[in-house]
Amino acid sequence: MHRYVLKRIILLIPVLLGVSMLVYCILDLAPGDAADILAPDDATLEEKEALREELGLNRPVLVRYFEYMWKLLHGDLGESYLSPVSVWSAFTQKAPNTLKLGLASVIFAVGTSLPLGIYAARHRGSWKDAISMILAILGLSMPNFWLGLLLMLLFALRLGWLPSGGADMGLRSLILPTITIGTGMMATLTRTTRSSMLDVIRQDYLRTARAKGVTEEVVIKKHALKNALIPIITIIGTMLGGILGGATLTESVFSWPGVGRLIIDSLNGRDTPVVTGCIIMTTMFFSVVLLAVDLIYAFVDPRIKAQYASKSKKGGEKKDGEKAATA
Amino acid sequence: MKKALAMLLCVLLVVSLLAGCGSKTEPAPSTTPAETKPAETTPAQTTPAAPTPAPAEAKFKDDIIIGIGGKIIDIDPQENSNTQHNYYFRCVFDTPLDFNNQTSELEPNVCTEWSTEDGKTWNFTLRDDVYFHNGEKMTANDVKWTFERGKDSSSSSSLCKPMEEITVIDDTHFSITLASVNVDFPYMLTLPTASILCQKAVEGGEKDALGIGSGPWVLDSYEFGDFLKMTRNDNFWGEKAKAKSLTLRYMPEASARLIALENGEIDVCADPDSNELSHVTSNDKLELQTYTSSSIQYLAFNCEKGIFTNENLRLAMCYGIDRDELVDVVFNGRATKCGSTWGWNEYGYNGGGITEYTYDAEKAAEYLAKEGYGPNNPLTVHCAVSAGTRKSMGELIQSQLKPLGINIVIDEYDTAGLSTMTTAGDHECAFYGCGTNVFGDDITRLIDSNTGVNKSHLHDPQVHELMDAARQELDDAKRTQMYHDVQQRLFDIGAYLPVCTAEADFAVKKGIGGIDYYPTSHHDFSEIYFAEQ
Amino acid sequence: MMSNEEVLKVENLTVYYELEEETVKAVNDISFSLHKGETIGLVGETGAGKTTTALALLRLVPDPPGVIKSGKITVCGNDMLEVPVQKLEEIRGKDIAMIFQDPMTSLNPVFTVAEQIAESIEIHEKVTKHEAYEKALEMLEMVGIPRERGGEYPHQFSGGMKQRVVIAIALACQPQLLIADEPTTALDVTIQAQVLDLIKNLKDKQGTSVIMITHDLGIVAETCDKVAVMYAGRIVETGNLDDVFNYTLHPYTEGLFNSLPNINDRKAELKPIHGLMPDPTNLPAGCAFEPRCEYACEACKTQQPELVSFTDTHKAACLRYAEPGFHVARGKKHE
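Residue numbers (my numbering), protein chains in the order written: chain A, 1 to 327; chain B, 1001 to 1533; chain C, 2001 to 2335.
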């Protein structure tokens, strides 16, 4: 088991290398660079070139990339081109906000999807099932920013119960953005829960449990659910990993000072170190979460634990490097 | 039965998908617009209204919050010059001189007197009672140090580099000698790029030293990309601020910003979406404060390479575009056509009319024909835009120019991308904007420079000669004539098509006043107040 | 050995599976009873309705689509079809327990074997968790699995051992009635003998009544006191072991015996019963076995045969026995 964990951690390195190279080079392809942004409009071309040279942007991309990687390996994410702050501090200032929002959204999504999915599975085929599924799909169909604005109009403006933006009112500020992001997550999770439960509900061992005299409630919640958890945990893991990538649209709508907005603003400003740094951190977070998820599998399903412990190859390579998509 | 139902639903789904794939409706070709506005000889732009004076007996709110759409990323006044940074600079720092938007006159600020004999060497007298926020007294040394530092900075270099020599005579007297005569020099000292820093603080490495100014507000706390908070400077040498704290909050989404205002969470909403203004006018707790922007929205032609090195083609475009329609459709009528390629608020403006392109499709066709183009031999033109009004204008001229035989291809970029490619000269023509200050030489960066502002990449010897001479001309009448000549020349060669300047708004709570609106949109909030209703 | 206490009484049980397009008539009007300590073999081919009958006894017929159309089931004095759910859950596992056919899927893969046995004990007996776990380990020992393996998971056991665990679960609370649904079908012959032995021992020790569902006549011979032969959801012949094996009455039962290869006559041809069991969604009006029956007559096509008593214990449902002197080839005649 420890060997497995170690192997996974080591695999992180090529992933991060690949991601950083990709990001760095792609950003370079976009027209314009930080010197263009930073230099005021009335700078002459010579002045702009001088600035470019000062920032080191006139060197070929590979040279710059290697310098970046060298610093990275020493734990230095570099400085922002536009702001007098280090990438690390820019990131750590915003990251807790995004984490808070992401965690709350996942908890909200899990709290609503799991019961809904189980309910739908138990009443499969009936109108109750259909309604549950429609509710879940609704969440997915509504665009984030649209839903966010609607919620804001209703709860902040019309009713005045909640603030319309910012993160300063603690829990109350968290509610609307959480619901906005959470409803989007709901659809996938509900459907997964439902189909996973449906698979399990047919299994013979549930019949054995009932024959023992176990109450139906316990049959579902204990016997069935634990078996249905594996795909559900996978989805939750992906959602959790993706939260740091930021719910960019939601953060913009609610003026939430998070990483998503930081990445977009930096992209517009061609601030390569910040963008690369944030994406690297995000990837790392995502990979760690995925690893945690894989380890949790072992606790839920003893057959998987046996697989890890044995040195035999696992069926199907798991891809650690799935990049967190910015919502 | 179930199968049949399922099939039916699938068919319906596919049909509805295809229904969405209708052909894109072309914007209706413009015939004469409903209301033809007569060509105006005098622009309708007005000088901005004076900031409403604070009512004598009123209870003022302690804390004021302004929601802004741009991100503040640096506290150094010499490193940035865009709108949102200027809001903060004008509150926290002092510049040597001040400019009165209503009288269009220079006024003393921390410098009480200024004079010159030859336009090259300028003498200044500094106040004796100005203190920085850290308690240090401002002396002429601080001014000299600030401007020397500015030579290497991003935003203040163009101001400071021409300062060949700065001489400190004593604590309250100094003189600046420029590399060449520039009669506009004192005007440039009213801009936030001339903010005075505290030498001791910055050299001593004090915390946030670059945010230590001498203005009516003190920098209290900030988080880049989130907010910036200032508190009242009770040791200010002038009239004290009328509130205890002023916070600039970054809220990028315009609709959300307006909602926050309606909700009472902020007191001022900068730049609300022009489609949502009715929310403000219909709300009796809010009001709109409007000013005319001096930002010229224009169509630039790349005079250096590509098809528009040809003057006839440029003029064809200039006459073939109906600017009234652009104003009506893109700006909902809330804009005024430009009278010439010059700021209406700028020294030397010729009043418009004579150097204005009136819409004349026939004339345009003539110019086209001179080059052999027309409906039978259409000309393809690439027009670079960014999202928003620029894109809308691009789309409108597409339909306007098509009957003439000009096919516009729209190339859309993001803001940064558009800026870069137009600076590099990769465009044929592009929609862009440029704010103009009051001093006559300001327009140089647009029409005669190697900077990124000169989107037409214009290097016309006549224009160059005139602008050079005017810069050094001490005689008012002669100078004004030179600028008129420049405008005529620009008109003749069709380097730019200046479209219009737009009305701009701030949405505020009733009771907010004291905002000094600048046509350049670098407003001064230092005297803002919120009188309780 | 046989007390007269009736542990199970099934009266006129009919169970259908009502699907969208058709109805499967799985069990059609069967009745039988079981006394304390008795073992009855429920014999028949696949699809005869044996498992459905067993599930019905526990009220575990999946509903939908299963529906109990009529009948009464009395287990240890409880009317299984009428009791409230709470009482039902008390009875299940305690008074009546079931061993299912496929040990590979009958155990929950994410719980240890001891936990699964202990759960049954926890539900039905007033003991602490710890005590239940202890008892579970004892049960493991009883079925021949070392108690150290109690903390292991089902996937770590072979098929035969899994079945032992299932038996341990079923017998943990000493039920009065045990239903064993083809408990050895999925196992090798050698293991089969062990498992049967185990059931027999436990049954002797605890005095359990057993319903042994099987298609294997050999097992019936080994373990049962009584036999009921099912065909197309009906009981076509029932009696004690001697009756059915030696005094065989029904043509179908004869056919079953004839299908067995004869170890003494290795060269003889196998005599299978021609044809297949009828489609349970489309049962004929008359005797369901008629199409495959050597002895069929015209009346068999239209008239449903009823169970007729031949002795106290022996009953069969065949119209031909209305004719005097008729008997199937196999089996002695009753006096």
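By construction, these hints were calculated from the structure, which means they are not laboratory data. Among the hints, a few may not be true.
Claimed, not checked - With a cut-off of at most 27 Å between alpha-carbon atoms, the simulated DSSO-like pairs for lysine-lysine come out as follows:
1) A:Lys222 - C:Lys2087
2) B:Lys1207 - B:Lys1229
3) A:Lys128 - B:Lys1229
4) B:Lys1244 - B:Lys1509
Unchecked claim - With the C-beta cut set under 10 Å, the calculated list includes, among others, these residues of chain A facing chain C:
5) Gly56
6) Arg59
7) Asp204
8) Arg210
9) Lys222
10) Lys226
11) Leu229
12) Val300
Backbone N, C-alpha and C fix where the C-beta goes; we use that ideal spot for every residue, glycine too.
Taking 27 Å as the top limit, are the C-alpha atoms of Lys222 of chain A and Lys2087 of chain C close enough? Given that 27 Å is the threshold and the Cα spacing comes to 21 Å, the pair holds.
Review point. Regarding the hint that Asp204 of chain A lies at the interface with chain C, is the smallest CB-CB distance below 10 Å?
Key: The hint holds - Asp204 of chain A has a Cβ within 10 Å of chain C, the shortest such distance being about 4 Å.
27 Å Cα cutoff - pair Lys1244 of chain B, Lys1509 of chain B: holds, 18 Å
Notebook entry, point to check: Regarding the hint that Arg210 of chain A lies at the interface with chain C, is the smallest CB-CB distance below 10 Å?
Noted result: holds, 6 Å
>> Can you verify the interface hint for Val300 of chain A: is its Cβ closer than 10 Å to any Cβ in chain C?
In response: With a closest approach of 7 Å, the Val300 of chain A hint holds.
Given pair status - Lys1229 of chain B, Lys128 of chain A, alpha carbons within 27 Å: violated, 53 Å
Does the nearest C-beta of chain C fall within a distance shorter than 10 Å of the C-beta of Lys226 of chain A?
holds, 5 Å
Next item in the hint list is Arg59 of chain A. Is there a CB on chain C closer than 10 Å to its CB?
With a minimum Cβ separation of about 57 Å from chain C (threshold 10 Å), the hint on Arg59 of chain A is violated.
Just to be careful: measuring from the Cβ of Lys222 of chain A to every Cβ in chain C, is the smallest value less than 10 Å? holds, 9 Å
Residue hint Gly56 of chain A, partner chain C, criterion CB-CB below 10 Å
violated, 56 Å
Fill in: Proposed proximity, Lys1229 of chain B with Lys1207 of chain B (alpha carbon, max 27 Å)
holds, 16 Å
Query - Cut-off 10 Å, beta-carbon criterion: hint that Leu229 of chain A touches chain C - result: holds, 9 Å
Of the hints listed earlier, those the structure fails to meet are numbers 3, 5 and 6, in rising order.
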